[in-house]
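> From first to last, the protein sequence lines stand for chains A and B.
Numbered per our numbering, the first sequence finishes at 564, counting up by one with no gaps.
Numbered per our numbering, the second sequence finishes at 1307, counting up by one with no gaps.
Treat the hints as calculated values from the structure; they're not laboratory data.
Glycine included, C-beta positions come from ideal geometry on N, C-alpha and C.
Don't take each hint at face value.
Stretch-level coverage of chain B by chain A, calculated; a stretch enters the list once three of its residues show a Cβ under 8 Å from a Cβ in chain A [stated by the list, open to error]:
#1 1124-1136
#2 1178-1192
#3 1246-1259
#4 1288-1295
Below, a sample of chain A positions facing chain B; criterion: calculated Cβ distance under 7 Å [what the hints assert, rightly or not]:
#5 N350
#6 D507
#7 A518
Only pairs whose alpha carbons sit at most 20 Å apart, straight line, appear in this in silico SDA-like list of lysine to any residue [to be verified]:
#8 B:K1224 to A:R500
#9 A:K528 to B:K1142
#10 A:K36 to A:I403
#11 B:K1106 to A:S400
#12 B:K1126 to A:S400
#13 B:K1224 to A:S400
#14 A:K333 to A:R500
#15 A:K36 to A:E51
#16 A:K72 to B:A1135
#17 B:K1041 to B:I1027
#18 B:K1238 to A:G132
#19 B:K1106 to A:T486
#20 B:K1224 to A:D507
#21 A:K528 to B:G1154
#22 B:K1106 to A:A240
#23 B:K1224 to A:E483
#24 B:K1126 to A:P396
#25 B:K1238 to A:L484
#26 B:K1225 to A:T486
#27 A:K528 to B:V1152
#28 A:K528 to B:I1148
#29 B:K1238 to A:R485
#30 B:K1106 to A:D123
#31 A:K154 to A:L326
#32 A:K488 to B:E1242
#33 A:K352 to A:R325
#34 A:K371 to A:G293
#35 A:K243 to B:R1110
#36 A:K243 to A:L220
#37 A:K288 to A:L326
#38 B:K1222 to A:V503
#39 A:K241 to B:I1114
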Amino acid sequence: MKGQTWRFVITGLLVVLAVVGFWNTFRLWTMSSDDKARMDEIKPGSVAELERKAMRLGLDLQGGIHVVLRVKMEEIEPSARVDAVERAIQVIRNRVDFTGVTEPIIQKQGDDRIIVDLPGYTDAERAEELIGQTAQLQFKLMETQDNANLLLAKIDSIIVASRQAEKAASESGEATSPKTDETPADTSQKDDILAELLGSDSLGAEGIEDVEDNPFTQYLEQFLRSSKSGSPWPGYMVAAKDKKMLEKMLAMPEIQRVIPSDVQLAWSTRSEIANAQEVHRLYILKNKVQFLGKYLENIRMSRGQFQEPTVDFRLTGQAASAFARLTGSNIDKPLAIVIDEKVESAPIINSKIRNDGQITMGQGATLDDAKNLEIVLKSGALPAPVEIIEKNVVGPTMGSDSIRKGLTASIIGFFSVVLVMLIFYRISGLIADIGMFFNIFFLMAAMSVMGVTLTMPGIAGIILTVGMSVDSNVLILERIREELRTGKTVRASIDAGYDRALVTIIDSHVTTLITAGALFLFGSGPIKGFAVALFWGVVISLYTAVIITKAIYDTRKGYKTLSI
Amino acid sequence: MLRIIGDTNINFIGLRYKAFIISGLVIIIGLVAFIMILMGKGNMGLDFVGGTMVQGNFEQPVSIADLRDAVAAGGFPEASIQELHRHNVPNFYIIRVKEITASDMKAADRIVEIVKEHFPQNAFTKDSEHTIGPAVGDSLRKSARWAILISVLGMLVYLWFRFDLRSGVAATVATIHDVLFVLGMFWIMDKEISLLVVTSLLTLAGYSLTDKVVVFDRIREKLKKFKLKAEYVGAINKSINEVLSRTLMTGLTVLLVILIMLIFGGEVLYDFSLALFVGIVVGTYSSIFVACMMLVEWEARSPRRAK
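If we strip away everything but chain A, and leave its shape as in the complex, we get (with noise of 0.2 Å):
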């Protein structure tokens, strides 16, 4: 009778626990958006903190994005590597508290991935942006347009040569033996390149002599002219249609081999709108870093005299000097701003900036770019660049959907593996029911408090504990109906029945425990979720399926038949 006193206590401490910890998520979960809405009005921010101590649910039950990243660290030296991946998280870190998002997951993976989790946020192409951008801001100065027009003119020669050697070659290819393709394999592969570019000239073949005698500047056309003194930079706007081309232009070896060292292409950050029609932009630039964006203090977004999104900031002490003299000494010049290797904006140095500049968006840039920008320039610049390998965005139907059916389905599961054990089984069953409602019960409570994350697979895993928790009960019901049919008494038979089945239960659970555990160890984020709800639901089981309904049948001294 003893044991009998334990077990209720211990029951009722394990019950008191499983309330409270199971409280706020029961109460979030029974509330109506009106309710929240309401509560959020009494008390600002109540319904997030109630979100935050509830059990958490996954990207794929309430919408968000996932992404994994990889750090490049065969870009940077290998004496950076060392915590690239713990720095890259701190910016990301930074970057993200910037959205407001809540309880967003970054953490790493393996030797060279992050693992950005943010939950509710949907707008998959601001968050690639956000995490994916190494913001490396330089400022650069613009080559002269003496220099670029040398450089071009230098490009054209080399693409109107190599399309002449193309083109007799194919001629004396045809005229000889049009089948016999000894040409070794780095020429074919030239001429696989110049094909292409001859194919996508919609002038055709035999256009070539007449028009192409500059290629590449035909698809060019200046845009970028002092303001004071109109001299000419060497900025151009590009047809969106062309640029692919010109790319593949500028990559070939001979064109990369007459690019000075110190002169860079750049094409501008975004596309933007020109005359009805959609063009990027191309600058040739001097090389050389005039000035870095770590320097920059307070920077934030702001607008500008025509009501444009600017990114502000400022800068002291010998950063300021150094700036002074940089603007100082180019006045009436372009100063590109380049993040990434790609240029924001160029705009002309009106008069010497000492503490106070701002970053001019480009063409076509909107409010919200402004903001990513002031946002990744706040975080700094991540140690490496990184790459999206994983993109996972649940939109919000797809959420609630998942949410409604896997209700539904533990519903329904629920009380029909009740009412099977009701009917196959009677009281006993009943006892046994009772024995699986604290199972689900506890589990549910155990899954908020450890901060375990439901997810699809996990609702799954709850499923699959209701039928497997039954298992437990179905063989002590049957060793009992087997102990009673060799004729012992209900007492005795029931005792042995618990008795004799307990080693098989103690065996059948550890079987299950070995495949949670190796499901978890390679699990990803659902399926973690399903073999923690799965290892929890039969740890709990032993204890509900054996001791509850024990201490249930033990409330009787004295059976004189059993209902089972």
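Once you've looked at the hints, dock chain B against the given chain A.
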């Protein structure tokens, strides 16, 4: 007392040769599927090979063939299309493209553009996307292999420790038999082996083993009373008969729960539930006809008990 099945005395042992033929076939088909999958010829899910999946809805219904043609014309000839029924938004479709290259992480955006361009009168709204680069698939395949290895070894060692080597081997072989059956079925039906399906195969292995342990426990209990070889076989047959009602009862309740997941759980859990459902039916069969019969055969070939 409502009993699912009365006292039985079926001669399961006598049926073992028929069972061996059936199970042998199952194992062969399953092994073929397994080897094909290892060689990369299986229908692996996006998780493992990389790819992209776009989910969204149209204002009006479109035919799956039209949508497939449009996406194919846009440069994704291998795209597969699925309509989600009973979704909370009508005209909801999934567009799936496998094996994109590492540099093509924007494939989902391109698909959305293609679809919008092709159906200008019928607005398409993207709800979700999942894009997986090939590198992720590689590491996932690696960890899936480890998980399978760890769980199989873990179970074998536990059973060896709790029973004896022959029980451990018999139960493990029977469990692998069940997993191979489901794998073979998925392979023949050309169903995708996704991460969730692998998960369900492992879960199934755990459940199936539980089922075998229950019978083995009973056999061990019985064997304490028997000492002769002939009695060993009798003990096994009697044990199977005795736990038969439990086997069927648990099997049916778990199947009931999984059937409900199949019907109401939605497409996310569909293949997961399907694999479990079939696996549990097969697992119940193999507890008796593979695991126990292996014990019988093993005993017939081993020297006389010392005891």
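> Against each hint, give a clear statement of whether it holds in the structure.
Status of the hints after comparison with the structure:
1. Check on the region 1124-1136 of chain B: 10 of its residues sit with their Cβ under 8 Å from a Cβ of chain A, so the three-residue criterion for coverage holds.
2. Counting residues of the region 1178-1192 of chain B whose beta-carbon sits less than 8 Å from any beta-carbon of chain A gives 0, not enough to reach three: the coverage restraint is violated.
3. Under a criterion of three residues with beta carbons nearer than 8 Å to beta carbons of chain A, the stated coverage of the region 1246-1259 of chain B is upheld, 9 such residues being counted.
4. Look at the region 1288-1295 of chain B against chain A: 0 of its residues bring a Cβ nearer than 8 Å to a Cβ of that chain, fewer than three, so the hint is violated.
5. The interface hint given for N350 (chain A) is violated, since its Cβ lies 39 Å from the closest Cβ of chain B, which is over the 7 Å cut-off.
6. A cut of 7 Å between beta carbons decides the hint on D507 (chain A): the least distance to chain B is about 5 Å, and the hint holds.
7. Residue-level restraint check for A518 (chain A) holds (minimum Cβ-Cβ distance to chain B is 4 Å; threshold 7 Å).
8. A C-alpha spacing of about 14 Å is found between K1224 (chain B) and R500 (chain A), which places the hinted pair at or below 20 Å, so the restraint holds.
9. Annotation: proposed proximity of K528 (chain A) to K1142 (chain B) holds, straight-line Cα distance about 16 Å (limit 20 Å).
10. Taking the CA atoms of K36 (chain A) and I403 (chain A), the gap is about 19 Å. The hint holds against a cut of 20 Å.
11. Annotation: proposed proximity of K1106 (chain B) to S400 (chain A) is violated, straight-line Cα distance about 26 Å (limit 20 Å).
12. Taking the CA atoms of K1126 (chain B) and S400 (chain A), the gap is near 15 Å; set against the 20 Å cutoff, the hint holds.
13. Of the supplied pair hints, the one linking K1224 (chain B) and S400 (chain A) is violated, its CA atoms being roughly 56 Å apart against a limit of 20 Å.
14. The hinted pair formed by K333 (chain A) and R500 (chain A) fails the criterion: a straight-line CA distance of about 91 Å is larger than 20 Å.
15. Restraint check for K36 (chain A) and E51 (chain A): the C-alpha separation of about 11 Å stays at or below 20 Å, so the hint holds.
16. Simply put, K72 (chain A) and A1135 (chain B) have alpha-carbon atoms about 13 Å apart, close enough for the 20 Å limit, and the pair holds.
17. Of the pairs offered as hints, the one joining K1041 (chain B) and I1027 (chain B) holds, with about 18 Å between alpha carbons and a cut-off of 20 Å not exceeded.
18. Our distance criterion of 20 Å between C-alpha atoms is broken by K1238 (chain B) and G132 (chain A), whose separation comes to about 65 Å.
19. Under the criterion of a C-alpha separation no larger than 20 Å, the hint pairing K1106 (chain B) with T486 (chain A) is inconsistent with the structure, at around 70 Å.
20. With a C-alpha separation of about 18 Å, the suggested pairing of K1224 (chain B) with D507 (chain A) holds against the 20 Å cut-off.
21. Taken as a hint, the K528 (chain A) and G1154 (chain B) pair is honoured in the structure, with Cα atoms around 19 Å apart against an allowance of 20 Å.
22. Straight-line distance between C-alpha atoms of K1106 (chain B) and A240 (chain A) comes to about 18 Å, which keeps the hinted pair within the 20 Å bound.
23. For the suggested pair K1224 (chain B) and E483 (chain A), the alpha carbons sit about 18 Å apart, so the restraint of at most 20 Å is met.
24. Of the pairs offered as hints, the one joining K1126 (chain B) and P396 (chain A) holds, with about 11 Å between alpha carbons and a cut-off of 20 Å not exceeded.
25. Annotation: proposed proximity of K1238 (chain B) to L484 (chain A) holds, straight-line Cα distance about 18 Å (limit 20 Å).
26. Proposed proximity of K1225 (chain B) and T486 (chain A) is supported: the alpha carbons are some 17 Å apart, at most 20 Å.
27. At roughly 19 Å between alpha-carbon atoms, K528 (chain A) and V1152 (chain B) fall within 20 Å of each other, so this suggested pair holds.
28. Proximity of K528 (chain A) to I1148 (chain B) is assessed by CA-CA distance (about 15 Å); at most 20 Å being required, the pair is judged to hold.
29. A hinted pair counts as satisfied when its Cα atoms are at most 20 Å apart, and K1238 (chain B) with R485 (chain A) qualifies at roughly 16 Å.
30. With a C-alpha separation of about 14 Å, the suggested pairing of K1106 (chain B) with D123 (chain A) holds against the 20 Å cut-off.
31. A threshold of 20 Å between alpha carbons decides the hint, and for K154 (chain A) with L326 (chain A) the separation of about 31 Å lies outside it, so the pair is violated.
32. Restraint check for K488 (chain A) and E1242 (chain B): satisfied, since their Cα atoms lie roughly 18 Å apart, inside the 20 Å limit.
33. For a cut-off of 20 Å, the pair hint linking K352 (chain A) to R325 (chain A) stands: about 8 Å separates their Cα positions.
34. For the given pair, K371 (chain A) sits about 16 Å from G293 (chain A) by alpha-carbon distance, which is consistent with the 20 Å threshold.
35. For the hint linking K243 (chain A) to R1110 (chain B), the alpha-carbon distance of about 18 Å falls within 20 Å, and the restraint holds.
36. A distance of roughly 10 Å separates the Cα atoms of K243 (chain A) and L220 (chain A); the hinted pair therefore holds under the 20 Å criterion.
37. A C-alpha spacing of about 13 Å is found between K288 (chain A) and L326 (chain A), which places the hinted pair at or below 20 Å, so the restraint holds.
38. Pair hint K1222 (chain B) plus V503 (chain A) holds up; C-alpha atoms about 14 Å apart against a cutoff of 20 Å.
39. For the hint linking K241 (chain A) to I1114 (chain B), the alpha-carbon distance of about 17 Å falls within 20 Å, and the restraint holds.
The structure shown violates the earlier hints numbered 2, 4, 5, 11, 13, 14, 18, 19, 31.
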